[in-house]
Amino acid sequence: MSTTREITVTVNGAAHRAAVEPRLLLADFLRHTLGLTGTHVGCEHGVCGACTVLVDGDSARSCLMLAVQTDGRNVETVESLGRIGQMNALQESFHEHHALQCGFCTPGMLMTATDLLRKYPLATDDDIRQGLSGNLCRCTGYEHIIRAIRSVADKLGSAR
Amino acid sequence: MKPPAFDYILAESVDMAAAALARAGADAKIIAGGQSLVPMLNFRLLRPSVLVDINRIAGLSFIEETGDAIRIGTLARHYQLETSPVVALHLPVLACAMTHVAHLAIRNRGTIGGSLSHADPAAELPMMAVLLDAALRVASPSGARRIAAREFFVGAMTVDLAVDEIVTEITLPKLPANTGWGFEEVARRHGDFALAAAAATLTVSGGTIMRARIALTGVGPTPLRASEAEALLAGRALEGKLAARVIEAVRAATDPETDLHASSDYRRHLAGVLAGRAVAAAWRRANESAT
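These protein sequences, in sequence, are chains A and B.
By numbering that gives the first Met the number 0, the letter at position 60 of the first sequence is numbered 59, and the numbering carries on one by one without gaps.
By numbering that gives the first Met the number 0, the letter at position 198 of the second sequence is numbered 197, and the numbering carries on one by one without gaps.
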């Protein structure tokens, strides 16, 4: 039967050493082992996007990665973006544009948008829609989320 | 749901991975990007006793140009293909197809070897391999072999791969000069699996099609080439009623299933429409490149 393995993983800048069962999903490692409950778990099969985190800077579904696979890697969760009173530009924009209702999808939206803004110019709203097509908002508040990301993309675009 | 328990083997080389697969027999699975495998584990559609992780094997993520082909290592991620300048220059149809694959977070992780080995009947990469006459390199404890993509896909999620074999590399011939391409897909939502997709390349000389290739996905258990439609195009210009005959030939080549997402008739209709658009785009691009 499977035995636990020692991993060392950097999460939001802090190194963590832990013994994990190989079948432990990264999402559950973050939430239950490290207590970082900002990462939400929706569908557990890679469809809803709520559990999206960054692994070595690239967005990834934490329900589709095993914790054991992050040994030596750098993981960033929504907790890394900012704090209340010290939100980053994307979080501020979500606040300003009322881009959340119940908030369940928001961590995944923020982490996905973080990667999208780094990798694509997002010149049109359709580019943003396509980029968010893997993140479900059951409140269907998509228009406000698109506006929030649009605002940040425009500021980045004019700064470029 | 959570995956069932399994033994985890972190392979350091292809040889080590192949040996581990051979030892475990039919009960082992390779994990690469995990974007298809882990959902199946979480649903417990699969209960492998051993997972062989190949992600840390060095030297399998390359995208490399040779004289007349592009070689891609099995661990290259979809996002790498989407953004590779070499792919954009020599295989622009592949770069375009990659933008239709799922979502960024999936493309960041999903590997070329994983997509080909998983062989979802509606996936883009297997169709590209079939369209572009790719060859796969497959390794096992008894050595390596090459197999043409057109022989590799044998059924829905079924490929010509023994339990101890690993796809290590895919070789795609560059598009020839004066070749135009087209890629068309309809999905319910951007990034979802295709209801149907079609791609074409036309190599044109002096206003005549010298070679035509048309591939389809989502309309049968495996990606397929519309050989009769291709033959109709060879030696002709795309004018008059030829496009309509090609569309009819494409539809005749398909035998799609009815499922929750679309009926067989609708998929067959769509295959024709999309192939017609892909061929028209390929014709336009080929003639632009010739002038």
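Be aware that a few hints might be false.
Unchecked claim - Here are a few chain B residues that sit away from chain A, every Cβ distance over 12 angstroms (derived from the structure): (1) Arg-76; (2) Gly-142; (3) Asp-159; (4) Ala-236.
Claimed, not checked - If you want a taste of the chain A side facing chain B, the calculated C-beta under 8 angstroms gives, among others: (5) Leu-115; (6) Ala-122; (7) Asp-126.
Since the hints were made in silico from the structure, they are not lab data.
Cβ atoms here follow ideal geometry from the backbone N, Cα and C, with glycine treated the same way.
Hint-by-hint comparison with the structure:
Look at B/Arg-76: its CB is around 8 angstroms from the nearest CB on chain A, not clear of 12 angstroms, so calling it non-interface is violated. Annotated as non-interface, B/Gly-142 keeps its C-beta farther than 12 angstroms from every C-beta of chain A; the closest such distance is 29 angstroms. With a closest Cβ-Cβ approach of about 27 angstroms to chain A, B/Asp-159 is found to remain outside the 12 angstroms limit, as its non-interface label requires. Separation of B/Ala-236 from chain A is adequate, the least Cβ-Cβ distance of about 35 angstroms exceeding the 12 angstroms criterion.
Because the beta carbon of A/Leu-115 sits about 6 angstroms from the nearest beta carbon in chain B, less than 8 angstroms, this interface hint is met. The interface hint given for A/Ala-122 is broken, as the beta carbon of that residue sits about 14 angstroms from the closest beta carbon of chain B, more than 8 angstroms. Interface hint at A/Asp-126: violated, since its Cβ lies 10 angstroms from the closest Cβ of chain B, which is beyond the 8 angstroms cut-off.
In terms of the numbered hints stated before, the structure departs from hints 1, 6 and 7, listed from lowest to highest.
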